[in-house]
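K.L.:
With these hints in hand, go ahead and build the complete structure from the sequences.
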Amino acid sequence: MRKMNDRNRTFLLITIPILALFICFNTVPLIRGVYYSFTNFKGFGDYDMVGLRNYMDLFTDSRVGRSYWFTFRLAVCATIITNVISLILALGLNSKIRGKSFFRAAYFLPNVLGALVVGYIFNYFFTYILPEFGKMIGSEAMSGSMLSNEKTAWIAVVIVCAWQSIAMNTIIYISGLQTVPEDVYEAGSLDGATGWKKFKHLTFPLIIPFFTINMVLCVKNFLMVFDQIMALTKGGPAQSTESISYLIYNNGMSGGQFGFQSANAVIFFIVIVAISVAQMSFSARKEEQL
4 MRKMNDRNRT FLLITIPILA LFICFNTVPL IRGVYYSFTN FKGFGDYDMV
54 GLRNYMDLFT DSRVGRSYWF TFRLAVCATI ITNVISLILA LGLNSKIRGK
104 SFFRAAYFLP NVLGALVVGY IFNYFFTYIL PEFGKMIGSE AMSGSMLSNE
154 KTAWIAVVIV CAWQSIAMNT IIYISGLQTV PEDVYEAGSL DGATGWKKFK
204 HLTFPLIIPF FTINMVLCVK NFLMVFDQIM ALTKGGPAQS TESISYLIYN
254 NGMSGGQFGF QSANAVIFFI VIVAISVAQM SFSARKEEQL
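For the sequence shown, the numbering used here gives the first residue as 4, with consecutive numbering after it.
By construction, these hints were calculated from the structure, which means they are not laboratory data.
Please note that a few of the clues may not be correct.
What the hints assert, rightly or not - Heads up, simulated DSS-like pairs for lysine-lysine below, C-alpha to C-alpha not over 27 Å straight-line: (1) Lys99 x Lys201; (2) Lys237 x Lys45; (3) Lys237 x Lys154; (4) Lys138 x Lys154.
As the list claims (entries may be wrong) - Estimated spans, in silico, between C-beta atoms of each pair: (5) Arg56 x Ala23: 33 to 39 Å; (6) Met59 x Ala23: 16 to 22 Å; (7) Gly54 x Met256: 21 to 27 Å; (8) Pro212 x Ile158: 30 to 36 Å.
Ideal Cβ placement from N, Cα and C applies to all residues, glycine included.
P.N.:
Here you go:
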């Protein structure tokens with residue numbers, strides 16, 4: 004009994020500092036942010052309580068609306084691209100091929116690099132290398148930088164976000180594929196399940212939990228995209244790639260809208276939680292049906 008009490012005391016001593024750090028750097032700032040959302044605080048100086056005015060103004064601010072539209076469009080496109088490519092790569096890397104350990108490590112490399120580093124590398128690629136290649140092959144469409152065009156800048160952001168996220172998603176899918184028993188495939192082959200039928204009726208239903216994890220993580224991460232925007236476009240051209248996170252940071256910290264963008268952050272937090280809960284609930288129902 005005493006040994007058990009000593010063990011519990013050790014766990015408690017480990018947990019308390021971590022909990023204290025979490026409260027100081029997460030919970031307290033969150034509460035203060037909610038408080039500031041009801042004020043006209045500019046980030047410095049005095050401020051007054053304005054009630055729900057910031058929240059009401061959010062729904063009439065066209066810049067906020069454009070940032071939400073861009074962010075959701077990016078999240079949907081990048082999530083689809085990332086999961087499709089990740090699943091294809093995972094199926095290939097889980098098969099009986101030579102050097103698959105090397106390929107797994109190579110495909111995981113983008114996840115090791117920082118998002119800002121990746122963003123600056125692709126910034127150079129889209130600004131200098133790709134246009135030069137376009138001029139060399141005589142393609143007028145590729146001769147200009149994708150980042151300077153309002154119609155193509157968001158596509159460049161999607162490419163960078165998906166390229167880096169594919170690494171982790173592939174590893175998660177490989178983990179899921181390795182949990183599928185070989186007996187299932189052997190029984191399926193007796194019933195003529197091969198190719199697409201094998202994947203649709205055997206593989207995919209058994210890796211639904213891993214698919215759910217990837218979908219939730221992708222949507223959450225892409226909705227909160229910031230580093231890539233900072234490194235690639237800084238919200239331009241003409242605010243066409245201004246994500247919600249970047250708008251909150253840029254206008255809240257240096258634009259004198261700390262209180263207003265705090266309200267935006269609160270709404271954004273609620274939206275992300277609602278989407279994540281809806282995804283989990285939908286996936287749970289699909290698992291029950293299967």
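K.L.:
All hints are to be evaluated individually against the structure, with a verdict given for each.
P.N.:
Hints and how they fare:
no., hint, result
1, Lys99 x Lys201, "holds (17 Å)"
2, Lys237 x Lys45, "holds (22 Å)"
3, Lys237 x Lys154, "holds (16 Å)"
4, Lys138 x Lys154, "holds (20 Å)"
5, Arg56 x Ala23: 33 to 39 Å, "holds (35 Å)"
6, Met59 x Ala23: 16 to 22 Å, "violated (37 Å)"
7, Gly54 x Met256: 21 to 27 Å, "holds (24 Å)"
8, Pro212 x Ile158: 30 to 36 Å, "holds (32 Å)"
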